[in-house]
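With the hints as constraints, model all of the structure from the sequences given.
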Amino acid sequence: MSEAENREFIQELYAAVAEGNVAPLFAAMNEDFVTYEADSLPFGGEHRGLEANQRLVQSISQYVDFTTLKMDHFLAGGDLVLALGSVVWQGLEGDQAIEMPLGEVWEVRDRRLISSRPFYLDTAAMLTPAPKAADV
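The letter at position 83 of the sequence shown is residue 83 when you use our numbering, and the numbering goes up by one with no holes.
Calculated directly from the structure, the hints in this document are not laboratory data.
Where is the CB? At the ideal position from N, CA and C, for every residue including glycine.
A few of these clues could be false.
Estimated spans, in silico, between C-beta atoms of each pair [unchecked claim]:
#, residue 1, residue 2, range
1, S2, S40, 30 to 40 Å
2, P42, H73, 22 to 32 Å
3, L127, E3, 15 to 25 Å
4, S2, H73, 17 to 27 Å
5, F26, E5, 19 to 29 Å
6, A27, A124, 29 to 39 Å
In silico SDA-like pairs for lysine to any residue, Cα to Cα no more than 20 Å straight-line [unchecked claim]:
#, residue 1, residue 2
7, K70, D110
8, K70, S86
9, K70, D32
10, K70, V88
11, K70, M1
12, K70, A18
13, K70, G103
14, K70, L102
15, K70, P118
16, K70, R48
17, K70, L25
18, K70, I60
19, K70, V22
20, K70, R109
21, K70, V17
Have a look at this one:
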């Protein structure tokens, strides 16, 4: 696939996820697809294979409403596509709404996802509980 086709493919997947439809994302994953999440996050680590990534998306959905996903810049080079945008982080207890800048590097071959590396601007803010009424 060309770089433009890779970029358009990733844009299509983000559009589906932003509408709450993760099925195209899972369907595009290569059998040994791997996501590398920051170890400091509750869902951190290496997630290899479809089932592991389905569990990962389920875990992330406890903290993020995927319909808030806004990826608006896409750059492609070879088999890699960089997507830049933001998502609303709901917080560890679901009581926050932090618009979190997000970058994600995808490896794509023949309309198959090989790997993903998300980068959140401020993982420390993601791990900080919201202040309680008595604390403010």
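Quick rundown of the hints versus the structure:
1. In this structure the supplied range 30 to 40 Å holds for S2 paired with S40, their Cβ-Cβ distance being about 36 Å.
2. Between P42 and H73 the C-beta distance comes to about 27 Å, which sits within the given range of 22 to 32 Å.
3. A hinted range of 15 to 25 Å is violated for the C-beta pair L127 and E3, which are about 35 Å apart.
4. In this structure the supplied range 17 to 27 Å holds for S2 paired with H73, their Cβ-Cβ distance being about 19 Å.
5. Checking the proposed 19 to 29 Å range against F26 and E5 shows it holds: the Cβ atoms sit about 20 Å from each other.
6. In this structure the supplied range 29 to 39 Å holds for A27 paired with A124, their Cβ-Cβ distance being about 35 Å.
7. At roughly 25 Å between alpha-carbon atoms, K70 and D110 are farther apart than 20 Å, so this suggested pair is violated.
8. Between the alpha carbons of K70 and S86 the distance comes to roughly 5 Å, so the proposed pair stays at or under 20 Å and holds.
9. With a C-alpha separation of about 27 Å, the suggested pair K70 and D32 falls outside the 20 Å cut-off, and the hint is violated.
10. Taken as a hint, the K70 and V88 pair is honoured in the structure, with Cα atoms around 9 Å apart against an allowance of 20 Å.
11. Between the alpha carbons of K70 and M1 the distance comes to roughly 25 Å, so the proposed pair goes past 20 Å and is violated.
12. For the proposed pair K70 and A18, the alpha carbon gap of about 7 Å is at most 20 Å, so the pair holds.
13. A C-alpha spacing of about 11 Å is found between K70 and G103, which places the hinted pair at or below 20 Å, so the restraint holds.
14. For the suggested pair K70 and L102, the alpha carbons sit about 9 Å apart, so the restraint of at most 20 Å is met.
15. A C-alpha spacing of about 14 Å is found between K70 and P118, which places the hinted pair at or below 20 Å, so the restraint holds.
16. A hinted pair counts as satisfied when its Cα atoms are at most 20 Å apart, and K70 with R48 does not qualify at roughly 25 Å.
17. This hinted pair checks out: K70 and L25 have alpha carbons roughly 16 Å apart, not beyond 20 Å.
18. For the given pair, K70 sits about 16 Å from I60 by alpha-carbon distance, which is consistent with the 20 Å threshold.
19. Annotation: proposed proximity of K70 to V22 holds, straight-line Cα distance about 15 Å (limit 20 Å).
20. For the hint pairing K70 with R109, the CA-to-CA distance comes to about 24 Å; that exceeds 20 Å, so the pair is violated.
21. Between K70 and V17 the alpha-carbon distance is near 10 Å, which keeps this suggested pair within the 20 Å criterion.
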